[in-house]
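Colleague: One line per chain: the protein sequences are S and V, in this order.
As numbered in my numbering, residues 1 to 205 make up the first sequence, in order.
As numbered in my numbering, residues 206 to 452 make up the second sequence, in order.
Watch out, some of these pointers could steer you wrong.
What the hints assert, rightly or not - Not close to chain S: a few residues of chain V, all C-beta gaps over 10 Å, as computed:
no. : residue
1   : R282
2   : L297
3   : T298
4   : G299
5   : V300
6   : L304
7   : K313
8   : D342
9   : P348
10  : G447
To be verified - Below, computed lysine to any residue pairings styled on SDA-like, alpha-carbon distance capped at 25 Å:
no. : chain 1 : residue 1 : chain 2 : residue 2
11  : S       : K174      : V       : S207
12  : V       : K307      : S       : N186
13  : S       : K174      : V       : K221
14  : V       : K225      : V       : T298
15  : S       : K174      : V       : A324
16  : V       : K281      : V       : N213
17  : V       : K307      : S       : K87
18  : S       : K10       : S       : Q194
19  : V       : K358      : S       : S183
20  : S       : K174      : V       : G382
21  : V       : K272      : V       : T298
22  : V       : K232      : V       : P348
23  : S       : K160      : V       : K437
24  : S       : K174      : V       : P321
25  : S       : K160      : V       : A324
26  : V       : K437      : V       : G226
27  : S       : K87       : S       : G68
If you are wondering where the hints come from, they were derived from the structure by calculation, not from laboratory data.
All C-beta atoms in this analysis are idealised placements derived from N, C-alpha and C, irrespective of residue type, glycine included.
Here are the chains, one letter per residue:
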Amino acid sequence: MKNLSNIYLKKHQDTYKSFQLNKGESIAVYKDEPLELFLLVFQDNVHVKIDLKEPQASCQIHCVYLMGEQQKVQICLDVNHEAKQTKSVQLIRGIATHQSEMKFDGIIRMPQDSQKCIGIQNHRAILLSDKATVQSTPELEIYADDVQCTHGSAIGPLDKEQVFYLTSRGIEEKQAYYLLLSSFLNDLLPLEVQSIAMACLHDYI
Amino acid sequence: MSLLEIKNLHACVGDKEILKGIDLTIKAGEVHAIMGPNGSGKSTLSNVLAGHPNYTVTQGTILFKGKNLLDLSPDKRANEGVFLAFQHPIELTGVGTALFLKTALNAKRHYLNEPPLDAVQFMKRLKTRAQALGITDEMLKRPVNVGFSGGEKKRMETFQMAFLEPDFCILDEMDSGLDIDALRIVSDGINVLREPHRSFLMITHFHRLLNYVTPDYIHIMVNGRIVKSGDKTLALHLEENGYEEFK
Ligand SMILES: Nc1ncnc2c1ncn2[C@@H]1O[C@H](COP(=O)(O)OP(=O)(O)OP(=O)(O)O)[C@@H](O)[C@H]1O
Ligand SMILES: [Mg+2]
């Protein structure tokens, strides 16, 4: 698979558009323009830093990764709640197969005076081989006391009982995998990138 | 010719033997019931027939329409006409019911060298079968079994069976968890499917179901073996005397 990772940005209910983020640069978010980012990650590392600059500023980051072979990929999402009453949501779904290695770092920073902030991070990954690994490290740097911050991760193989249920209805095993994995990603995948993600999924099953 | 012929079937989970020599022959059009105490191996038998990977057959043979069933993968068994309505149907998070049924039906049609159904034909078939089993549009819109009550899941299994029209239907405790009305709906759903080419294997604990769907034979399974077979009067005998004399 030679697909490159890509960052997409959605503005004002428009569709997601490809977006170039320069190395070391961070994205500043203000209250009148909530940030909606979608990251489609294949074989190269992605590092996104976001600063929530003023009260009511918010960002929503959806991230989907698909990796295989001997790929070693790192994703770092670093959200800084610079102002109080800001909100961030990070939802990550990934599939790793062969001997691939994913390292995910999700940083949520809430300095002392960033009261009443909300930070949500959820990471789910499916491992399609015993040799693939996903390491999820949430880093919560929270110094404010009146905030809500939740994070969760669930990483494991595909449920074999679900595969059996589908095959017992006449669906080939490969297609059963495809059905289950595509529906696992589907609620996060925007229409704009569905076809490249699904093509990659096909290659990995 | 018999539809299903099981001879001296032994099966294990890990190194624990659960089926210890099952013989059972089912002819086309017949309805057989299996009753037996908890843990006697009834669900194991149905899982082995459907090809669940956790169970290893160590001895014996299963012929289905004259073919060696044990050589076939679960999907091929299904497309040959085996259907298992599960005792505990699982939920398929995110997988839409309509997409699931369409994929399953077209897989079978592909297997039989028939063209796939188009969207209109598919919806028509879906709607008519769903209605008969009290499956609402709202249930069809949800992912498979997600958030369904126990009874709704059982109805969904029966509906899938009616939709896919298998030749051999295994119903593992289809009656447990059903209210009185639902039991009648599901039984009617089964009776409608009774045809000369289609056979049923119903696993149940209660003779109530057998009043609605009259079996041709009843078998009693204890500790991995069929210890007695008879006609439908056997169920009444069991209701009064329990399994003690067979243990
Ligand atoms: N996957 C498994 N792992 C371990 N033991 C199993 C497994 N499946 C079945 N067994 C064991 O095999 C035996 C038979 O189980 P089975 O589910 O076939 O019983 P059953 O007759 O269907 O019982 P019930 O009437 O309660 O549904 C039980 O002792 C059960 O614990
Ligand atoms: Mg059982």
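Colleague: Hints broken by the structure, by number, lowest first?
Modeller: The structure conflicts with hints 1, 2, 3, 4, 5, 6, 7, 9, 11, 13, 14, 17, 20, 21, 22, 23, 25, 27, although it agrees with all the remaining ones.
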